[in-house]
Amino acid sequence: MSAVSTVALGRPARRRRLATVGWSLRIGLVGILTVAALAAFAPMIAPYDPTALGLAQGLTPPSAAHWFGTDQLGRDILTRVLYAARIDLQIGTIGVIIPLIMGAVIGLFAGYYAGWSDAILGRVVDVVTAFPFLVLVLAIVAMLGPGLRNFYIAISLVSWVAYARIVRGEALGVRGRGYILAARSLGYSDARIMFRHLLPNVIVPALVFGMSDFVLDILAGASLGFFGLGVQPPTPEWGVMIAEGRNFIITAPWVVIFPGVAIIVTSFFVSLIGDSVSDIVRRVRAS
Amino acid sequence: MIRYIAGRLLLILPVLFGVSIVVFMLIRLIPGNPAIAILGEHATPELIARVQKQLGLNLPIWLQYLRFLGNASRGDFGLSFFYQEKVSTLTLERIPVTLTLIAYAALVGLIIAVPFATLAAVRRETLVDHVIRLVFTATIGIPTFWLGIVLALLLSVKVRLFMLGGAGAGGLDTVWHLTLPALTIALHISPILVRALRSSLIEVMDSDYVTTGLAMGLRPVTLLVSYLLRNALTPFISILGLNIGWLIGGTIIIEQVFGIPGVGSLLITSILTRDYSIVQFVTLVLAFLVILVNLLTDLAYAALDPRVSFQR
Amino acid sequence: MSVRPRDALRVEALTVAFRGSDHPVIRGVSFEIAPGEAFGLVGESGSGKSLTCRAILRLLPRGAAGTGRVTYGAHSLLELDDAEMQALRGSTIAMIFQDPMTALNPVLRVGDAIAQVIRSHEGLGARAARTRALEMMERVGIRDAARRAAAYPHEFSGGMRQRVHIAMALAARPTLLLADEPTTALDVVVQAEILRLLDDLRREQGMSLLLVSHDFRVVAGLCDRVGVMYAGELVELGPTRAVLRRPEHPYTIGLMNSLPEAVAGERLRAIPGAPPDPERLPPGCAFAPRCELAVDACIAAPVAFSQTSPGHRSRCLRIDRLDDMRRSLAAADGA
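Chains as they are written, first to last, in my numbering: chain F, 81 to 367; chain W, 3 to 314; chain G, 0 to 334.
Chain F with its partners taken away, still in its complex shape (with noise of 0.2 Å):
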């Protein structure tokens, strides 16, 4: 077992550990900027109408005039999987904005006041996380039906108490330092305080995790796409597409396989991404 008698103890050489963040941070962004440009210009660069139907006969294999292939309705795939990345992007955007938005005001309250309005909010995310996420999110959109809008309503009631409760936590900590100490001295108002001294400095790991939750919220929309309580068809989205595609997966597996690629190929930048930055937060933390 000379691996075990090789677990000797220490720092590694902190040369080689700079040289793979800058590289995997690298290939995320360019990753992700690649995947938003090609979805901000889909009309102009996309071959065929998304909506248009038979521009084959039903499930064509990949082609030189369709490089995706075609499904059941004739349509084209690759035109289909880029009008969707606008969707879906759209998705883990506006999935992360508004949570964060809600649940960093909330928790910046809860943090810098203390006292019963911590006490309150510490209960109210106690309960809400008891619940897995996906469960609740699911039963929000069963009551108020399924679509996008629906969708984005339960995503925000559901993801702002993860935020709230990095923001609060942060904001506990910091609240007796100088700055803030002096601030209040000065007599500026509570609101000038929070906004303008506590939150840059809090906001931080808040956004480190919107990173990681950008991808659960396009997983969960597409999951949503997927039993039909999201997007709704014929709009794109990679989910519905892989559900409009399972009967046929036998035999024209590619009606399913390049959604499923798409969802991956996105999420794999932005989870490089928000690893690379709370690689290098971390660090900076710890001088």
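Keep in mind the hints are simulated off the structure, nothing from the lab. Even glycine gets a Cβ: it sits at the ideal position worked out from N, Cα and C. Honestly, I wouldn't trust all of these hints.
Output of the computed footprint for chain G on chain W, the stretches with three or more beta carbons under 8 Å from beta carbons of chain G [claimed, not checked]:
(1) 218 to 225
(2) 229 to 236
(3) 300 to 308
For this one, chain F is given, so just place chains W and G on it according to the hints.
Only chains W and G this time, still in chain F's reference frame:
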């Protein structure tokens, strides 16, 4: 020890209350009249009025909540409009399958995660470590439903390795049927497990007592088991417990994809058929499951780490 | 209890460097420890004294590698493979560490931890190993050993934990003990007890001892010979009494003058300047930038050892001017 459990239970009480309130409030989210949502637009006014009375929708909200609690204490969570059976019976009879699947998936998840996490930790910062971490980072982004479909295609249709559909007839047949679903869920949770175990191992590897162990010339097996794994396991179990929600989420999706008659597929179908009572109850049950698992995780942690006393 | 043959430890030109750095943190250190002798290694933090211990047992931190020659009897330590090293550690050469609060495995009962060490090296059964473990615990001064063996490390105080640590190290009856600042983390009263314990055990088992400390007093009470390290190099080496009575290196003089008791009633004198950066050492004497006697020749080229009296040597070009330094110090104190 009993006092510890009792103390813990006491702390959980407010959360249980909060959960019941949330579940109760779910129905209020329905836009418009819930009775109409359940019965459909063509229902007669009399029918609507009757259902409203039956659901107690005319009472003030706090009375409705008390009514809800009262019914709940008697195990009455209403009738399923679709199946015309008691919601509680319908759900509870499906729980064993779901629990089996969850446990099976957790086990397979560990079997996958432990070797890779150990390898990555021991060969920290080398190519092997980076490749492992990269592969598992990519795995987080694989949609579970897609993976289920693809694996079913590859391992059940193309290569007749596994059976599809249903939970089998109990015993070994069930294990056979649940293997592919459990594997899919395990892959879904494995990135978290690998990440957590790897960092737990690294923290232990860097600790002073491991240096001491090395300096004493302990046999490698002794060092690995008594010093490394034994200490890395404790925080790891915490993380495992904390992520039960993620595990449940994956199980729900896979149950629906593979047609397994568990609580998860019941939830999805009930949503599609607007069987609100079932949706409510299943949500409640799953939240209770999470709370229970968290409690068990706390207990396990206290039992494993002698520094945590049972006094508090 | 059979008496193992006693060996001598020979460290020759030991050099330790971290990967990616051209500047070794231990530079050509050589010394010997005769069988049964107690040798002290003194220096400030960063001087490389702890790493020297680690290098001997091949327990260097990740990314550090040692070259040179280290022999203990017939064993050439830097050339053994992992399995041979593992067999040697604990049974022949043992090491104890500085911080008792983190040195013990928190999930193992103390008796079990000691028994494990015994069983890793001797083929004893569980019961026999446990009996030996209890014996060791009593020998290191833990009363009521049978009951306390079932306790976990966090249930012991710092001093008691260090005793457990010592029991673990000596359980397999090594003939050489490396003690890396074993009392630094303990309070003064406990320090004295632990040092006395180490001394008793050493005489009882006929062990050689390498005692590392930043505190001269710790080493003075216990060691036959002492070496002074600065910036990864040995700058003075000799019998403890001789070095104490008449230190032959400006750094050693400075060290002794900064001890509170050594200059009772007189002013504490700190050594001016700061510990050196291993990346920025002059080619000659590393202490020269802080030395009041330094001349250009000191910085220009590496300084070799000169013998000042039998067994006592010093790496200084200005030994003949040391008397001036001693006089001015005495005068300043008198004023």
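How the hints compare with the structure:
1. 218 to 225: holds (count 6)
2. 229 to 236: holds (count 4)
3. 300 to 308: holds (count 3)
Against the hints set out earlier in the document, no violation occurs for any number.
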